[in-house]
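With these hints in hand, go ahead and build the complete structure from the sequences.
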Amino acid sequence: MSKILNVRLPDASGGNYDPQKFNQLVRSLEQVILQLNSTYTPVTSENTQAALSWFEAGGGQCEMNSGSTVPISIGGTNTDAFGRLRVSQPYTLFDSQNRYAADNQFDVATTGTGTTTFLSNEAAVKMEVTSGGVGSVTRQSFRSFPYQPGKGLLVLATFVMDSSTSANLTQSVGYFNASDGVFFKRTGSTNSFVLRSSSTPTPGTPSDVRTVNQSSWNGDKLDGTGASGLTLDPTKAQILWMDFEWLGVGSVRCGFIIDGQYIVCHTFENANDITSVYMTTAILPVRYSITTTTAAVAASMKAICCSVASEGGFEQTSIEHVARRVNATSASTITTSFYPIASIRLASGALGAVVIPSSYNFLPTTSDNYEIALIKNTTLTSPSWTAVPSDANVQFDISSTAMTGGTIASSSFTTGKSGAVPLSAGSAYNLDLQLGASIAGVSDIYTLAARVVTTGGAGSGGGVGSLSFYDLTQ
168 MSKILNVRLP
178 DASGGNYDPQ
188 KFNQLVRSLE
198 QVILQLNSTY
208 TPVTSENTQA
218 ALSWFEAGGG
228 QCEMNSGSTV
238 PISIGGTNTD
248 AFGRLRVSQP
258 YTLFDSQNRY
268 AADNQFDVAT
278 TGTGTTTFLS
288 NEAAVKMEVT
298 SGGVGSVTRQ
308 SFRSFPYQPG
318 KGLLVLATFV
328 MDSSTSANLT
338 QSVGYFNASD
348 GVFFKRTGST
358 NSFVLRSSST
368 PTPGTPSDVR
378 TVNQSSWNGD
388 KLDGTGASGL
398 TLDPTKAQIL
408 WMDFEWLGVG
418 SVRCGFIIDG
428 QYIVCHTFEN
438 ANDITSVYMT
448 TAILPVRYSI
458 TTTTAAVAAS
468 MKAICCSVAS
478 EGGFEQTSIE
488 HVARRVNATS
498 ASTITTSFYP
508 IASIRLASGA
518 LGAVVIPSSY
528 NFLPTTSDNY
538 EIALIKNTTL
548 TSPSWTAVPS
558 DANVQFDISS
568 TAMTGGTIAS
578 SSFTTGKSGA
588 VPLSAGSAYN
598 LDLQLGASIA
608 GVSDIYTLAA
618 RVVTTGGAGS
628 GGGVGSLSFY
638 DLTQ
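To convert, count from 1 in the sequence shown and add 167; that's our numbering.
In case anyone wonders, no lab produced these hints; they're calculated from the structure.
Quantities reported herein were computed from a predicted structural model and do not represent experimental measurements.
Where is the CB? At the ideal position from N, CA and C, for every residue including glycine.
One or more hints might be untrue.
[To be verified] Distance windows between CB atoms, simulated:
no., residue 1, residue 2, range
1, A463, T357, 14 to 20 Å
2, N271, T332, 30 to 36 Å
3, I424, G572, 26 to 32 Å
4, N385, G586, 55 to 61 Å
[What the hints assert, rightly or not] Below, simulated EDC-like cross-link-like pairs (lysine to aspartate or glutamate); rule was C-alpha separation at most 20 Å, straight line:
no., residue 1, residue 2
5, K293, D274
6, K543, D274
7, K403, E295
8, K543, D599
9, K543, D270
10, K403, E289
Laid out in structure tokens, this is it:
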């Protein structure tokens, strides 16, 4: 007789039936079935109780009959960075694809011979350094992405690296900036995973001392000898994956997805091992880079697609902060051209802060018709920046007397009355509105602006307004 695992599903006719728990149980059972198809781990006296407890925690009840063994095995990459079963509930914080143009969510910095080219038929960006001079290309997302303690952060990035084996050529891709982060690096023919830290060993000084070459990876080395039997070739299209259990001192798993399987190549372990956080923050940008240190090297890499997700959802809770003009403009200040009412930007010491405009409000002081707009990266005339009283990560300006250019992110119209304009869908954050910063450290600016709409001739008016925002890093 074989052991049979009997699972009694919740009784729909009972008063305690919960559809949400039922769905969670079904998803859990689906994962078990997938594992039974590929993994055999006998249930012994030591792990039988653990298996029973797991099923009961999922909402069902279990009974074990006597007999032989039952295969139950769940772990590895079937769980997220915190060991929770992956049940297809990621919350996307960022995604990028270069479908019709190079994604403008990325800033590009080049030096020397470095250039970029959009490859329309490959939905990719070619980052190139040519012979005849040293050069570099860095492609980094303007935004840094919110890490929520207790949730696993999953980063995916696709790329193709150059085949050159020159020791003077370095190519990198990952979740990092100049100060902190984790990334895959190829220098010459040497493949490595790097944990960059501004916390250790010298606080305040970025260090790549935790560079681990492929021969020393503590997982599948992807050299043909590992469990997968595969050999990594970065000159072919690759899907890099990393997940972070930060909390300052957690683990970071790094690897590649090949043939639909998450392969763990190296894990940076930190808990119970170090005396500080392993890097200053897990709120970081996605970054691609290629650098040559000699004029003799010509090479290119392709940046294709990437995503950052919070596994297990994302709690949408934050207080609002307000940048406001407390005194109305004169009745003739606002004309048919947009006039700045209030603006915000990231403080120079908080360029990685996660700040998202949430709503704007305008009160006209005349009975004219107005267009009210939220405008991104306009050029302000004579601004005077000061810290928002409730949030030192953000500065605001109400002194500018004119503005030019910029992109309208939201617009509404009003006639002689006030009204708040929300910038989110229901209770969710609109992360696409998040303030970012360039590689050179220049913050985005959002400006609440107003103009008078007339049916003929010149018009003018006045008003007062405010711009509210969330700061998920305060």
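| message | Hint by hint, where does the structure go against what was stated? Just the numbers, ascending. | response | Hint 3 contradicted; others consistent.
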